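With the sequences and hints as input, model every part of the structure.
Listed here are the chains, written in short residue letters.
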Amino acid sequence: MAQYIRRRLITAIPVFFGITILVFLLVDLAPGDLTDLMGEGAAGETERAAMEAALGLDQPLPTRYALWLAGLFHGDLGRSYHYGQEVSELIIQRLWPSLLLTGTGVVLAVVIAVPLGMLAAWEPRGGWGRLAHLFTVFGSAVPGFFLALAAIFLFSVKLGWLPASGMYRAAGGGGAGDLLRHLILPAGIIGLSNVGGILRQTQSACLEVLGEDYIMTARAKGLRERVVLVRHALRSALIPVLTSILTHIPHIIGGSVVVERIFGWPGMGSLMFSAVSGRDFNVIMGVTVVMALAVLLTSLLLDVVYGLVDPRVRYGER
Amino acid sequence: MESGKRVWFRLRSDRRAVVCMVILALEVLCVLLLPPLLGLEPNVTDRTAGFWAAPSAEHWLGTDDVGRDILARLICGGRISLLVGFAAAAINLAVGVPLGLLAGYRRGAWEFWIMRLADVFQSFPNIVLTLCLVSLMGASVLNLVLVLGLLGWPGIARLVYGNVLSVREKEYILAVRALGGRTGTILYRNVLPNAVAPVWAALGQRVGRAILSESSLSFLGVGIRPPQASWGNLMQSASSLAVLTGRPWVWLPPGLLIVLTVVCLQILGNALRDAMDPRAARKER
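Protein sequence lines correspond, in order, to chains A and B. Counting along the first sequence from 1, when you hit position 207 you're at 1306 in our numbering, and nothing is skipped either side. Counting along the second sequence from 1, when you hit position 126 you're at 128 in our numbering, and nothing is skipped either side.
Using C-beta positions, here's what the derived DEER-type ranges look like:
| # | chain 1 | residue 1 | chain 2 | residue 2 | range |
| --- | --- | --- | --- | --- | --- |
| 1 | A | THR1162 | B | ARG179 | 44 to 50 Å |
| 2 | A | ARG1323 | B | SER242 | 52 to 58 Å |
| 3 | A | LEU1194 | B | GLU43 | 47 to 53 Å |
| 4 | B | ASN145 | A | LEU1337 | 39 to 45 Å |
For the record, the hints were derived by calculation from the structure and aren't laboratory data. This structure is a prediction, so every number in the text was calculated from the model and none was measured. Quick reminder that beta carbons are idealized off the backbone N, C-alpha and C, glycines included.
Dropping the structure here:
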């Protein structure tokens, strides 16, 4: 087991460096730098050189990367040009709203997708199967922003039930009820747009399990169908279902970036958008690297958990 | 390997696939032929109709905020959206297939580094990386195609890789190698045809995803920029409540076209997969 974990960690190291190098190059090689923004118009050659020296931009590329990486290890991602705040502070402020929104969305998606996928596998040609089919075909084809527009049109404008933007009311808001009202629409959209993918994988995992001999044995023993489905089928399908949820995480985060922007949700996605349009380089690098490292960490944890739960995984890998 | 004729025959007998093919073909024909045939001018202001005119006999979908005909912009925007989708998917293939082949066939260091590179790319939410790159490099159709194309390869590479792993152990590959075939030739002539089937099916999904990414970014104002039209940025004006509630003919048609196109691409992709491998299709049912 220890060897398995060690091997898995070793493969994660190049990926970690790959992620940081990619983020660094992405921003560093982009045309224009901070001196263009800060010294707009007025700066002459000497001022520019002084500014570059002050920001460390006169160092060669590998040195700058090493410095940035060292900062990353200390949790120091530099200062935001636009907000004047530490980037790490900014990210921590925005992390909670993002986690709340995305987390609620994922829970909603799972609550719809897993039971529906199971029922659809159990009865592929019945009503559940058809409903599941509709979800898989349309679920991933309707762009999140279109769904958001339709939802705002219906629930905020026509019916006036739910607010269309923000996290709290501007005046006198702040309670949990207020937060919940603001959360429903964006979280519902993140949930709905991720049902399709999770549903399809749950269905195929359950289909596979339902074909196994021990299911037939369980049925032959005369167990009730519900017991067969929940105790025997769902349990063994759980690992592939969990995998499918976790492999969707980058996709889910990506979708919530767009949804955050549309609903004015004060999370990492909105931060990303304002940073990109304001060319706030340190924030761009900070947010992307944090998102990617979170994904890397989840997949790493997942593999370790698999190794613990399922001995076949440990022996299967060369 | 199924012969092309038989695949085509099976595809033709799938009613839904045929409907989707016809719809997609019509869309492509419309966006290619209608602008020159009807002399559509998506960037010209009609002063007599004015701003935000309601649908009329002259402007079927009305005019936009500066008096341009929305139908003309919808058709010309379709050109851009479909172009971005197909071109990005083509680059996905052009990068992903060779890398997947190499990783699966050569194994060893090739396998390790190519798969780690795929891990790196797949750690990023696609839209975030696209957002950064496109806005830093400058938003243009070419940049958008390049970025979407170069970011989407790992999925394809993994599909090919998985198949090559099993194909390379087959006896006929051993036979060609024993006969002294060169690696490049073996990869191209023997491994590729046997490993590439699921890729054609994934292609439909790829095009759809690229169209969705493009339209999301353009809708948010960081993809295709006006005056150039795309299905995404045509919906941009719907972020104002007046347009959203009062003028649904502005934002509903491009949205529905995106959904229709992506759904058709997906159904067609699945049908193509089933037509290429009927045994797998039957097993799934």
